[in-house]
Amino acid sequence: MKLLQQLGKNIAKILIFNGSKEREHFIITDNNNSSQGKETNKEKETGSSNGDGDSKYTGNDKNKVKGTGGKKRKNGRCQIKKPVRVAKSSLSVKEQELKNIEEEIKQKNFDFEELSVNSSLEVNKRYLEIIYSLPKNKDIIIREFYIALEKPLKAFVLFIDGLSNADIINNSILKPLMVLLDEGVKIKHGEVAEYIKEHLLPGHDVKLLNKYRQLLDFVNYGNTAIFIEGSSQCLVVETKGWERRSVGKPEVEQVILGPHEAFNETLRSNTGLIRKALRNENLITEMLKIGSRNRIDVAIMYLEDLANPQLVEEVKKRISSIKTDYVGVAGVLEQFIEDSPFMFSPQILTTERPDRVVSFLVEGHVSIIVDGGPQVLIVPATLFSLMHSAEDYYLRLPYGNFLRVLRIFALFISILTPAAYVSIVNYHQEMIPTELLLSIAASRATVPFPTIFEIFAMEFAFELIREAGVRVPGVIGNTIGIVGALILGQAAVQAGIVSPILIIVIAITGLASFAIPNFSISFGFRGIRFIFTILAAFFGILGISGGLFVLLLSMVNMKSFGVPFLAPVSPKTTTGPDVILRGPVWSMERRVDYLKPLDTRRQPKISRGWLKNPRQGGKK
Amino acid sequence: MKKILVGHWETAAFVIILIGAKAFLGYPRMVTDWGLTAGWLVVLFSGLLSIVFWLFIAGVLARFPGKPLTEITELTFGPFLGLGINIIVFLYLLFSTSNVLRLFSEASTLTVLTETPVNILALLYLLAAWLAAYYGIEAIFRCSYFSFPLISIGVVLVLLLLYPYFDLKMLFPLMGSGMGPVLMSSLWGTSAFSEVVLLTYLVRYFSFNPQRLKNVGVFSISYIMFFFIVIVMVYQMVLPYPTGSETLVPFYQLSRSIFLGHYFQRVEAFFVIFWTFTAFLQIATGLLVGAIILQDTFKLPFYRPLLPALTLLTFTTAFLPEDLIQAIKLEGEIRMVYGWIIAFILPIFVSLVALILRKGEDKVNGSQN
Numbered sequence: 001m002k003l004l005q006q007l008g009k010n011i012a013k014i015l016i017f018n019g020s021k022e023r024e025h026f027i028i029t030d031n032n033n034s035s036q037g038k039e040t041n042k043e044k045e046t047g048s049s050n051g052d053g054d055s056k057y058t059g060n061d062k063n064k065v066k067g068t069g070g071k072k073r074k075n076g077r078c079q080i081k082k083p084v085r086v087a088k089s090s091l092s093v094k095e096q097e098l099k100n101i102e103e104e105i106k107q108k109n110f111d112f113e114e115l116s117v118n119s120s121l122e123v124n125k126r127y128l129e130i131i132y133s134l135p136k137n138k139d140i141i142i143r144e145f146y147i148a149l150e151k152p153l154k155a156f157v158l159f160i161d162g163l164s165n166a167d168i169i170n171n172s173i174l175k176p177l178m179v180l181l182d183e184g185v186k187i188k189h190g191e192v193a194e195y196i197k198e199h200l201l202p203g204h205d206v207k208l209l210n211k212y213r214q215l216l217d218f219v220n221y222g223n224t225a226i227f228i229e230g231s232s233q234c235l236v237v238e239t240k241g242w243e244r245r246s247v248g249k250p251e252v253e254q255v256i257l258g259p260h261e262a263f264n265e266t267l268r269s270n271t272g273l274i275r276k277a278l279r280n281e282n283l284i285t286e287m288l289k290i291g292s293r294n295r296i297d298v299a300i301m302y303l304e305d306l307a308n309p310q311l312v313e314e315v316k317k318r319i320s321s322i323k324t325d326y327v328g329v330a331g332v333l334e335q336f337i338e339d340s341p342f343m344f345s346p347q348i349l350t351t352e353r354p355d356r357v358v359s360f361l362v363e364g365h366v367s368i369i370v371d372g373g374p375q376v377l378i379v380p381a382t383l384f385s386l387m388h389s390a391e392d393y394y395l396r397l398p399y400g401n402f403l404r405v406l407r408i409f410a411l412f413i414s415i416l417t418p419a420a421y422v423s424i425v426n427y428h429q430e431m432i433p434t435e436l437l438l439s440i441a442a443s444r445a446t447v448p449f450p451t452i453f454e455i456f457a458m459e460f461a462f463e464l465i466r467e468a469g470v471r472v473p474g475v476i477g478n479t480i481g482i483v484g485a486l487i488l489g490q491a492a493v494q495a496g497i498v499s500p501i502l503i504i505v506i507a508i509t510g511l512a513s514f515a516i517p518n519f520s521i522s523f524g525f526r527g528i529r530f531i532f533t534i535l536a537a538f539f540g541i542l543g544i545s546g547g548l549f550v551l552l553l554s555m556v557n558m559k560s561f562g563v564p565f566l567a568p569v570s571p572k573t574t575t576g577p578d579v580i581l582r583g584p585v586w587s588m589e590r591r592v593d594y595l596k597p598l599d600t601r602r603q604p605k606i607s608r609g610w611l612k613n614p615r616q617g618g619k620k
Numbered sequence: 621m622k623k624i625l626v627g628h629w630e631t632a633a634f635v636i637i638l639i640g641a642k643a644f645l646g647y648p649r650m651v652t653d654w655g656l657t658a659g660w661l662v663v664l665f666s667g668l669l670s671i672v673f674w675l676f677i678a679g680v681l682a683r684f685p686g687k688p689l690t691e692i693t694e695l696t697f698g699p700f701l702g703l704g705i706n707i708i709v710f711l712y713l714l715f716s717t718s719n720v721l722r723l724f725s726e727a728s729t730l731t732v733l734t735e736t737p738v739n740i741l742a743l744l745y746l747l748a749a750w751l752a753a754y755y756g757i758e759a760i761f762r763c764s765y766f767s768f769p770l771i772s773i774g775v776v777l778v779l780l781l782l783y784p785y786f787d788l789k790m791l792f793p794l795m796g797s798g799m800g801p802v803l804m805s806s807l808w809g810t811s812a813f814s815e816v817v818l819l820t821y822l823v824r825y826f827s828f829n830p831q832r833l834k835n836v837g838v839f840s841i842s843y844i845m846f847f848f849i850v851i852v853m854v855y856q857m858v859l860p861y862p863t864g865s866e867t868l869v870p871f872y873q874l875s876r877s878i879f880l881g882h883y884f885q886r887v888e889a890f891f892v893i894f895w896t897f898t899a900f901l902q903i904a905t906g907l908l909v910g911a912i913i914l915q916d917t918f919k920l921p922f923y924r925p926l927l928p929a930l931t932l933l934t935f936t937t938a939f940l941p942e943d944l945i946q947a948i949k950l951e952g953e954i955r956m957v958y959g960w961i962i963a964f965i966l967p968i969f970v971s972l973v974a975l976i977l978r979k980g981e982d983k984v985n986g987s988q989n
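Chains as they are written, first to last, in this note's numbering: chain A, 1 to 620; chain B, 621 to 989.
Don't read these hints as lab results, they were simulated from the structure. Incorrect hints may have been included.
Pulled a few chain A residues facing chain B out of the computed Cβ check, cut under 8 Å [claimed, not checked]: (1) Leu149; (2) Leu180; (3) Asn426; (4) Met431; (5) Phe456; (6) Phe539; (7) Gly540; (8) Ile544; (9) Ser545; (10) Leu551; (11) Leu553; (12) Asn557.
None of the values given here were measured: they were computed from a predicted structure. Glycine is no exception: its CB is placed at the ideal position from the N, C-alpha and C atoms.
I would like the entire structure built from these sequences, with the hints used as guidance.
Pasting the structure below:
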């Protein structure tokens with residue numbers, strides 16, 4: 001009976017043209033030009049739909065009224081000439097629309113890109129319920145309230161609990177709209193959102209959006225969306241406020257002299273750290289989004305008056321072309337954009353130090369910051385830049401160069417020591433001084449295994465200790481290295497499994513690999529060490545030579561964003577005195593040529609104005 | 621397709637290493653054989669003569685900008701005769717590369733891996749060279765440029781460390797076997813510098829103009845000539861003539877003589893890295909240039925598919941000589957004595973005919989206009 005009565009009322013409403021509510025109904029339904037019914041009743045029940053004259057249908061609803069049968073635009077306003085007869089239906093248009101969307105979502109072919117904010121609050125709420133699977137999804141909050149206008153206007157805020165700052169929402173959104181608003185203020189309904197943005201919300205970052213895709217990206221990132229009855233635009237207020245790690249000390253790239261700040265997991269903190277260190281209006285931060293499921297922000301930073309535009313374009317092209325569902329951290333993005341994924345060496349520099357990023361930006365490089373990770377990518381990278389550390393520049397020239405020479409030795413030791421040991425012991429015993437040879441022979445007398453087995457056993461144990469030291473948590477993790485090294489090494493020697501000299505070889509190799517400043521390339525060299533050892537076992541020093549030849553070939557063949565990996569040495573390009581060793585800071589007058597920066601000169605020929613002797617670089 | 625270009629420094633390093641590789645094989649011994657105590661004079665004269673040859677060839681190349689010698693030969697002699705000449709050049713290169721492969725493999729067996737079969741070592745050299753040739757000209761040239769200072773340092777180190785054994789008297793009599801034999805051997809001694817002619821087959825990969833190519837050739841020959849002179853002089857000052865003319869691997873013999881006290885004796889194995897590195901580069905170059913000559917001759921779109929067959933061919937040809945002695949004879953008595961005819965005289969002949977007939981030159985200029 002109730003259903004019949006309701007139906008009768010609805011039919012009566014269709015046939016009898018009655019006031020502003022009906023107008024609203026026609027406007028809302030004109031896209032489909034079909035039925036009505038329950039929605040109108042719902043609006044009536046909630047009181048959200050009110051007859052505020054034509055102003056309600058101006059502005060963003062223009063497109064909706066265009067071309068409909070019963071309406072005509074005049075002076076930017078919609079005027080209803082006559083009612084439109086609609087077909088009888090058990091469902092309202094909105095509900096039908098919602099039902100369709102629901103179906104589409106279920107069939108996984110719904111495209112949020114095209115979905116616009118509806119002027120009806122109820123429709124928007126329903127959309128959000130579908131999109132966010134409400135009420136199942138418990139940390140998505142929709143808080144309904146009335147905006148304290150002359151005639152209270154219904155609205156709701158949407159935010160994610162734990163991601164947004166409750167204080168900002170309470171004090172900067174709800175309080176101004178519900179409490180502080182002067183009741184005498186009269187606002188036309190179509191301009192409510194605009195008025196609120198300009199007069200009521202004190203937030204520093206407020207946007208008006210009308211596409212769901214855009215606003216969902218913001219809400220998913222801790223912002224708050226405000227939906228207002230009758231407005232087909234949504235206000236998005238910056239309210240990010242999740243628990244975050246503060247700016248801490250670098251974990252991997254520690255220095256004694258120099259800044260002790262490191263990036264954290266928040267994109268904006270990281271871009272801020274770079275901006276703080278590089279105060280230049282030409283520093284550009286472009287934002288891209290990648291990942292279809294996590295839609296993560298990726299910032300590209302470069303100096304507009306310095307970085308090669310082709311390089312910037314190439315970076316943007318590679319990142320924006322990525323089609324994947326999830327990119328969590330910089331390391332994953334690196335694998336998507338690097339030139340040679342199967343090569344041993346990284347072609348992109350990863351750093352956790354803002355000062356390092358800045359030093360590359362002022363050279364004309366481009367940095368890529370992925371939200372959610374404390375590492376920043378720098379492109380392009382060469383072998384020499386991967387072998388430099390931040391401290392090289394902070395120390396005085398002789399000390400900095402000493403460190404670099406030490407590191408070059410470390411590089412060769414980490415690759416070649418086990419191979420050289422195997423090669424000498426197996427094939428070139430004459431190279432070992434007689435006393436040492438006798439000592440090695442005596443120590444190996446009790447070892448029943450061939451040298452190659454010894455080497456691999458100890459290398460494997462060493463890698464195991466290293467890996468376990470990283471994985472095992474807390475105090476045990478720190479001690480496992482010492483325990484492993486002492487006990488395992490000592491026990492292995494006493495058990496006659498390995499010779500004592502081998503322990504020294506492995507220990508030196510391990511130490512040397514730790515001295516390589518870039519974690520990623522150190523990993524690569526650790527890997528190829530095994531190949532060299534095998535080659536040495538089969539072909540002695542000739543195998544090592546062959547291995548070096550192939551290694552060099554692969555390196556000269558590698559490129560990082562179009563830049564040869566061994567530049568500026570091979571191919572030879574113009575550069576300042578900062579390749580293997582570095583010159584005095586005042587002699588670094590030119591930027592590296594291989595980047596083709598827009599400004600090649602870093603400083604004038606005479607950078608130390610106080611010097612009087614021209615031979616020392618002073619004024620003539 | 622990406623345009624591959626290499627610079628003049630890389631090219632110079634490439635030529636120097638290519639020519640210099642024979643210093644690690646039997647070259648000092650051969651020169652000592654030819655000129656006796658005046659071996660260094662043979663090097664000097666043959667180097668100067670090679671520069672003259674090169675200047676002529678490079679001058680003609682400048683008249684055919686961007687054209688490799690294979691194409692100039694075809695333009696001058698027509699497709700059939702041109703093809704025949706190009707095939708002769710290819711066969712010479714194949715023979716030369718194969719013999720170098722055999723000699724380096726034998727030298728490795730003699731010096732560091734005495735129990736390893738020579739064909740296994742040849743395989744090691746060839747596999748690395750194949751990879752290098754596959755990577756292409758850019759990789760080989762850059763590899764040469766990168767390794768050039770390291771190899772130079774290694775060579776200089778060996779020469780300096782031999783200082784205690786220098787005996788100047790060994791260089792006398794200065795004229796050795798007399799001016800006549802010295803000059804004669806200087807003529808065929810130009811074969812030692814003949815690798816510079818390989819540049820004429822690679823001109824389309826250079827980022828610089830023909831004038832600079834000419835300078836690169838002159839610089840490379842002069843540089844390596846200086847090194848050869850020093851190596852031969854040191855060789856003769858350290859090892860007396862009778863011993864010097866019998867050593868199979870002279871440079872290794874020199875490095876074996878180094879004694880730096882009790883803890884640094886017998887470090888020759890360390891220096892093996894340097895000369896084997898040049899071996900890899902030289903064999904890779906032989907494969908690559910051979911493939912490029914075939915590609916140009918038969919107008920093939922790519923050279924890489926030729927590499928497996930060429931590698932196999934080089935391997936089998938390398939083992940045609942029965943033993944090391946025969947391989948050394950082939951190198952010393954055939955390639956070094958007659959190689960200059962194919963390496964220098966043939967291109968000069970082609971250039972002369974091209975100059976006289978002005979056949980291809982007109983065509984090229986016409987097509988450019």
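What hint numbers does the structure not satisfy?
Checked against the structure, the hints that fail are numbers 1, 2, 3, 5 and 10, while the rest are satisfied.
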